[in-house]
Amino acid sequence: MTALQIDSNYDQTPPPPFGHALLPYFLFDPNYLNLNHGSYGSLPRPVRSFCIEQGDEIESAPDLWMRLKYQAPLVKVREQVAAMIGVKDVDEVVIVPNASHGLNTVLRNIIWAAGDVIVVCNTTYNSIERTAQYLSDIGSHPSVSKFEISFPTSHAEILKNWTQHLKALNATLGEGKKIVAVVDGIISNPGCLLPWEKMVSICREEKVWSAVDAAHCIGQQVDINLDVIQPDYFVSNCHKWLFAKRGAAVLYVPKRNQHIVQNSFPTSHAYKSPKDRKEGENNFVAQYEWNGTIDFVPYLSVSAAIRFREWLGGEHAINEYNHKVAVEGAELLAKVLGTRNMDVTGECTLSMANVQLPIPEGYAYPEIDTMFKEKLLSSRNMFAAQYYHNDLWWVRVSAQVWVEVSDFETYGKALLEVCAEIVDEIKKSRPEV
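According to UniProt numbering, the sequence shown is numbered sequentially starting from 1.
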């Protein structure tokens, strides 16, 4: 089957089974083993075909498109994404370039005062942790409090410690001061699901604002219902697990909090100063419909991505397969490596598995990260995400509809060679080891 046939006719016939039979529907080099879908996502050929056609339509009459035509399909995308995350009011949902952009929009709109606290985790995505630190370094200098999670662990332990951490902060909080907590939905590294819904509930009980970094959630976690969970803010990438073109993300700000997020990032033509707004006036959505010239194709590709996923069988079918491959693959990979699966309780794995690497404890040498990239990407044409956590090196392997359990074994055999090479090179370059 050629790429052209796939692009034009894929939805007129039943899909092939999950696994390697779906590889022709993506654009990977035939010799590349992609086990790192979680980092950047992967664009299906039919979605890419939509993007090309949509881009051509825009370029055929840019003024017509930018001035008159883009809003209707953008509203459709917002409606579709709102339904996927359990939000009935579409005007609580807007599209932004990525999760970091969305969280920066939220955090930089909050009016901080001395004595306020921003809670992050040791596992918070680095750019978001750095954003919190930047906000602490300027203006009224809110403090940053770091919540520690050390895997392997359990959801029960995380929730117990989370409650204690927030209660301890509240006990020392000055009158009239606020706490804003960044809560990961699914951590980037380790690629573990957190009990974020319950963490949000604890935030509410402790009068802490919750900003959920759900970068990996939409397309990987099914049946999200934000109208029930009620976080204060939520952002999730559509270009990761949902198969949209990079970059597109959904930002959820419930109407009860839209008076706080007064300004899009960058500032839109639609921004109105509070002193110029009529009573009850809300132009939250309008600010995100146009805040500078951009390529709307990634945003609009969300509809094409959802269509492709529906053809594959829908969210539950996709994620049931991915979860099964991740669980079985982790067991096989740990066996090949002679190590262990990080997820000791079975609570933390959706479509990403985390397995310890055969590298001695305490090898916290920054050059090891570069070694992995060079030895796996440049020399072996394969990749998953290697990272250092809790004094050990681990690998995060992403399951996806084109992946089979046997791919974990292939990658594991390569990792055995690579880890042995790295340990040998570290010993030679660092006499103290």
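Quick caveat, the hints were computed from the structure, so don't treat them as lab data. Even glycine gets a Cβ: it sits at the ideal position worked out from N, Cα and C. Just to be clear, a hint being listed does not mean it is correct.
Claimed, not checked - Label-pair restraints from in silico Cβ distances:
(1) Lys272 with Ser39: 36 to 42 Å
(2) Lys272 with Glu331: 45 to 51 Å
(3) Ser154 with Glu374: 19 to 25 Å
(4) Met66 with Asp424: 54 to 60 Å
(5) Met66 with Tyr40: 44 to 50 Å
(6) Lys88 with Pro17: 31 to 37 Å
(7) Gln71 with Gly346: 40 to 46 Å
(8) Asp56 with Lys373: 55 to 61 Å
(9) Arg67 with Tyr40: 39 to 45 Å
(10) Ile138 with Phe28: 55 to 61 Å
(11) Glu320 with Tyr40: 20 to 26 Å
(12) Glu320 with Gly280: 41 to 47 Å
What the hints assert, rightly or not - Cross-link-like lysine to aspartate or glutamate pairs, in silico, EDC-like; alpha carbons within 16 Å at most:
(13) Lys160 with Asp223
(14) Lys255 with Glu53
(15) Lys255 with Asp223
(16) Lys76 with Glu289
(17) Lys272 with Glu289
(18) Lys375 with Glu417
(19) Lys198 with Asp227
(20) Lys427 with Glu347
(21) Lys375 with Glu425
(22) Lys428 with Glu367
(23) Lys375 with Glu421
(24) Lys160 with Glu175
(25) Lys198 with Glu347
(26) Lys88 with Glu281
(27) Lys167 with Asp227
(28) Lys88 with Glu206
(29) Lys255 with Glu281
(30) Lys69 with Asp295
(31) Lys375 with Asp424
(32) Lys69 with Glu53
(33) Lys76 with Glu59
(34) Lys160 with Glu129
(35) Lys324 with Glu404
(36) Lys373 with Asp295
(37) Lys324 with Glu289
(38) Lys255 with Asp295
(39) Lys335 with Glu417
(40) Lys167 with Glu205
Outcome of the hint check:
Checked against the hint of 36 to 42 Å, the pair lysine 272 and serine 39 passes, with Cβ atoms roughly 38 Å apart. Range check, lysine 272 to glutamate 331: about 56 Å between beta-carbon atoms, so the 45 to 51 Å window is missed. Between serine 154 and glutamate 374 the Cβ separation comes to about 36 Å, which falls outside the hinted range of 19 to 25 Å. A hinted range of 54 to 60 Å holds for the C-beta pair methionine 66 and aspartate 424, which are about 57 Å apart.
The hinted range of 44 to 50 Å is not satisfied by methionine 66 and tyrosine 40, whose Cβ atoms lie roughly 27 Å apart. Restraint check, lysine 88 to proline 17: a C-beta distance of roughly 35 Å satisfies the suggested window 31 to 37 Å. One distance hint, 40 to 46 Å for the beta-carbon pair glutamine 71 and glycine 346, holds here, with the actual separation near 45 Å. For aspartate 56 and lysine 373, the hinted distance range of 55 to 61 Å is not satisfied, since their beta carbons lie about 36 Å from each other.
Judged by the Cβ atoms, the range 39 to 45 Å given for arginine 67 and tyrosine 40 is violated: they are separated by roughly 32 Å. The hinted window of 55 to 61 Å between isoleucine 138 and phenylalanine 28 is violated, with their beta carbons roughly 43 Å apart. Between glutamate 320 and tyrosine 40 the Cβ separation comes to about 24 Å, which falls inside the hinted range of 20 to 26 Å. Roughly 45 Å separates the CB atoms of glutamate 320 and glycine 280, a value that falls within the hinted 41 to 47 Å.
Between the alpha carbons of lysine 160 and aspartate 223 the distance comes to roughly 25 Å, so the proposed pair goes past 16 Å and is violated. For the given pair, lysine 255 sits about 35 Å from glutamate 53 by alpha-carbon distance, which is inconsistent with the 16 Å threshold. Note on lysine 255 and aspartate 223: the hinted pairing is violated, with a Cα-Cα distance of about 22 Å set against a maximum of 16 Å. For the hint linking lysine 76 to glutamate 289, the alpha-carbon distance of about 13 Å falls within 16 Å, and the restraint holds.
The suggested pairing of lysine 272 with glutamate 289 holds, with an alpha-carbon distance near 15 Å, which does not exceed 16 Å. About 10 Å separates the Cα atoms of lysine 375 and glutamate 417, which keeps this hinted pair within 16 Å; it holds. A C-alpha spacing of about 14 Å is found between lysine 198 and aspartate 227, which places the hinted pair at or below 16 Å, so the restraint holds. Simply put, lysine 427 and glutamate 347 have alpha-carbon atoms about 37 Å apart, too far for the 16 Å limit, and the pair is violated.
As the CA atoms of lysine 375 and glutamate 425 are separated by approximately 12 Å, the hinted pair is consistent with the 16 Å bound. For the given pair, lysine 428 sits about 13 Å from glutamate 367 by alpha-carbon distance, which is consistent with the 16 Å threshold. At roughly 9 Å between alpha-carbon atoms, lysine 375 and glutamate 421 fall within 16 Å of each other, so this suggested pair holds. Taking the CA atoms of lysine 160 and glutamate 175, the gap is about 25 Å. The hint is violated against a cut of 16 Å.
Only pairs whose Cα atoms come within 16 Å are accepted, and lysine 198 paired with glutamate 347 is accepted, the gap being roughly 14 Å. Between lysine 88 and glutamate 281 the alpha-carbon distance is near 20 Å, which puts this suggested pair outside the 16 Å criterion. Taken as a hint, the lysine 167 and aspartate 227 pair is broken in the structure, with Cα atoms around 26 Å apart against an allowance of 16 Å. Annotation: proposed proximity of lysine 88 to glutamate 206 is violated, straight-line Cα distance about 26 Å (limit 16 Å).
Under the criterion of a C-alpha separation no larger than 16 Å, the hint pairing lysine 255 with glutamate 281 is consistent with the structure, at around 12 Å. The hinted pair formed by lysine 69 and aspartate 295 meets the criterion: a straight-line CA distance of about 14 Å does not exceed 16 Å. Only pairs whose Cα atoms come within 16 Å are accepted, and lysine 375 paired with aspartate 424 is accepted, the gap being roughly 14 Å. Distance hint between lysine 69 and glutamate 53 is fulfilled; the C-alpha atoms sit about 15 Å from each other, no more than 16 Å.
Our distance criterion of 16 Å between C-alpha atoms is broken by lysine 76 and glutamate 59, whose separation comes to about 21 Å. About 23 Å separates the Cα atoms of lysine 160 and glutamate 129, which puts this hinted pair outside 16 Å; it is violated. With a C-alpha separation of about 10 Å, the suggested pair lysine 324 and glutamate 404 falls inside the 16 Å cut-off, and the hint holds. Restraint check: the Cα-Cα separation between lysine 373 and aspartate 295 comes to about 31 Å, which exceeds 16 Å; the hinted pair is violated.
With a CA separation close to 39 Å, the supplied pair lysine 324 and glutamate 289 exceeds the 16 Å bound. Using a Cα cut-off of 16 Å, the hinted pair lysine 255 and aspartate 295 is violated, with the two alpha carbons roughly 27 Å apart. Taking the CA atoms of lysine 335 and glutamate 417, the gap is about 15 Å. The hint holds against a cut of 16 Å. Distance restraint check for lysine 167 and glutamate 205: the Cα-Cα separation of roughly 10 Å lies within the 16 Å cut-off, and the hinted pair is therefore satisfied.
Hint check: violations occur at hints 2, 3, 5, 8, 9, 10, 13, 14, 15, 20, 24, 26, 27, 28, 33, 34, 36, 37 and 38; the rest are consistent with the structure.
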